[in-house]
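**Q** Sequence:
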Amino acid sequence: MMGLTKGFVLAVMILAGGFLGLGASRLWALEEPSWNVLEEVVVTATRTEKATAEVPASASVVTAQEIEAKGSKTFDQTLSHLPGVYVRRGKGLMDTLSSISLRGIPDPKRTLVLVDGIALNNPYTGNVKFGGFYPEELERVEVVRGPFSSLYGGYAMGGVVNFITRMPEKREIWVKAGYGNGFQGGEAMEDLSRLYLSYGDKLWDKFSFILSYGRQDTNGYPTDLNLTSKAPPASVSGWKETTDRYDKKAYLVGDKGDNTWWDDGFTAKAAYFLTPKTQLGMTFMYNRYEYDYDDPHTFLRDESGNPVWSYKGLSESGFLPGGGGRAQGLYSVDFETQDFMDLKITGKVAYLKVYEDWYVTTISGATRFGGPGYVSNTPQESLTQELQLTVPLNSIAGGSFWGRHTVTLGETFKTGKSNTKEKNLTDWRDEDSTTNLRYQSEGKDRFWGLYVQDEISILENVTAYLGLRQDWWKTFDGFVVDYDTNKWTPKPGYPKAYRERSHSSLSPKAALVYKPTDGTTLRTSVGKAFRPPTPYELYRTWTSSSGVTYAGNPSLKPETTVSWDLSIEQRLWKNAKGSVTYFENYMKDFIYRQTVSSTYQELANVGKAESRGVEAGLEQRLFEWLTFFGNVTYTDSEVTQNKAKPATEGKRLTQMPLWMTNLGARVAKGPLTFSIEEHYVGKRYNDDTNADRKDNVYGSYDPYWITNVAVSYQVKPWAKVSLLVDNLFDEDYYSYYKAPGRSWFAELSVKF
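Take 1 as the starting number for the sequence shown in the working numbering and just add one per residue.
Some hints could be false.
What the hints assert, rightly or not - DSSO-like, lysine-lysine: derived pairs with alpha carbons at most 27 Å apart:
| id | residue 1 | residue 2 |
| --- | --- | --- |
| 1 | Lys588 | Lys683 |
| 2 | Lys353 | Lys474 |
| 3 | Lys487 | Lys557 |
| 4 | Lys230 | Lys249 |
| 5 | Lys588 | Lys574 |
| 6 | Lys417 | Lys348 |
These are computed hints drawn from the structure, not numbers from a lab.
Since we're looking at a predicted model, the values are computed, not measured.
Kindly generate the complete structure, drawing on both the sequences and the hints.
**A** This is the structure we're talking about:
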């Protein structure tokens with residue numbers, strides 16, 4: 001019933017936005033943004049420029065106008081309205097585990113995420129950290145779904161997301177500043193402030209550059225609650241009886257304080273045209289974030305009304321989460337030329353340096369005023385080199401058989417390393433109060449890949465794509481040492497040095513695109529993709545205080561998936577487009593932790609899984625200034641084999657919702673821009689046996705409907721004011737953490 005009520009209100013607001021836009025157009029005649037949704041060009045799907053209707057994959061483009069209209073504050077939030085894309089962000093800006101998953105393939109490490117073609121998947125875990133990246137930097141975002149290891153190598157099992165940054169065509173000065181808050185104290189991000197500055201220009205029609213800086217700060221809200229399974233004594237009051245996500249009795253005794261956050265980012269980007277068809281480019285991006293917690297809150301009181309922080313079964317350290325942070329730099333140099341016989345040659349060298357990636361953990365004996373803890377820090381780095389040649393044989397062979405082919409050849413080399421150190425702290429509140437080293441692990445890996453793709457024009461309206469890539473992978477210099485915290489000497493069996501080993505993977509792909517009419521595209525594809533094990537999975541071995549060793553495994557093989565899809569894309573009537581895609585994924589050699597003995601658990605390739613589903617969407621530009629959209633995704637996923645844990649067989653894959661739905665509208669009329677989006681995400685499980693079925697409790701992953709609204713008004717040709725309301729209906733839900741309630745954010749944007 002609540003969903004129907006929201007849907008009705010949504011329809012009313014969409015109509016209201018339309019009437020507001022119509023009325024405003026009679027009073028002002030400023031330049032209107034263009035919502036051209038029917039013909040977009042992508043490069044990610046084939047590594048060459050192609051219209052979305054012609055590429056051999058289900059592809060989506062999010063434009064800079066759409067990003068600005070919806071008011072996204074992070075890179076990943078720009079994709080929240082797309083079919084087949086699951087964006088997980090449980091507690092607003094403060095979520096360091098935010099992620100993007102595509103096509104029913106779980107975990108962010110199985111989706112390749114790029115910025116300007118450079119992988120953001122970090123060299124340690126394969127995940128992506130979005131803190132410090134600003135959507136204002138973006139020209140567009142391209143999403144291509146399905147296996148893409150034939151072009152991109154590892155990680156591209158579910159698909160590829162490419163965030164493409166902008167470059168000005170003329171002088172531009174842009175200043176944005178805003179402030180926001182929750183409608184109700186303690187329920188959403190408090191005192192959120194945001195600043196973005198940029199300056200760019202194009203000189204002599206040859207040299208373009210842009211410099212930018214952004215920063216976000218918030219005092220947060222209590223995202224982490226304190227639940228305990230041990231009942232408080234009779235002399236203590238203030239607690240609340242509840243359950244955990246397994247529906248087992250638990251007691252809510254407090255929270256861990258307001259989860260604070262800040263991030264910032266600096267970008268310098270330049271391009272120089274040696275000739276109209278030859279370009280050199282350079283990019284530097286530096287991004288940082290830190291999070292922490294204000295004073296925790298206990299709900300417990302003794303008989304005299306005094307706060308209670310501990311009792312038998314509950315320690316004060318349970319109220320004390322530690323802070324953390326990350327700082328990284330991305331450096332790249334690239335070139336592109338098409339001056340010789342229409343041959344296109346591109347090359348890139350990129351260096352990703354994670355200077356620090358740290359977090360603090362408190363241990364027994366810690367109090368609000370200090371005490372023991374430890375800090376874990378994992379510096380990482382990777383170096384990537386790419387070279388690609390695209391040969392349109394029709395320029396050489398004319399109308400012969402070979403003239404029907406466009407061949408893309410490429411080579412990629414990548415090497416990475418990481419080094420984790422855990423050190424004890426005398427005061428958990430000060431991450432610099434380090435003493436003894438308690439743990440260390442490190443490792444390196446190296447990849448080299450060769451790929452070829454042949455685009456074959458079989459008929460005027462039928463195009464085939466054949467792709468093949470061979471990757472060679474090597475891991476070496478693996479090392480781990482775990483220390484006895486009583487003697488400060490290595491535990492028995494440590495240190496361990498792992499032998500060098502290597503592996504290879506062949507990734508083929510075939511696709512067919514048929515356009516029976518100008519408005520109809522039929523496509524089908526089948527391909528194989530892989531993900532190599534990360535240094536974390538290979539070398540991260542540690543022993544708990546209870547004596548159980550959790551071991552990495554340097555003998556792990558890559559995970560693989562064989563996937564196919566079938567889709568139709570149709571222009572239904574004037575300025576409307578609909579699409580339906582059916583897909584299946586068959587995953588093998590899933591990496592999973594298996595129990596070898598009561599004191600030893602090890603990662604191993606033991607799993608198989610399948611997912612299949614449907615993505616359907618409709619987009620209608622009713623007028624030049626009014627666009628509606630809606631899409632639905634159904635994904636049926638399950639574990640089909642798990643030798644390490646048979647109880648998971650037949651269960652849904654973790655963090656994979658069965659249903660997702662997006663509805664919305666955009667108005668761009670005169671000085672007014674209006675955007676409304678509603679997102680539904682179904683129940684997700686975080687337990688591989690799907691035993692965490694209880695909803696609306698701390699730690700659960702609840703189904704939810706949320707509605708976000710953004711309105712902006714162009715007061716001058718160079719100035720715009722905006723108001724955003726997130727979670728308009730104040731949906732109360734958990735995404736492990738307490739998700740943000742209704743909040744507002746007001747912003748002034750000045751651009752010359």
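**Q** Taking the earlier hints as the rules, which of them does this structure contradict?
**A** 3, 5
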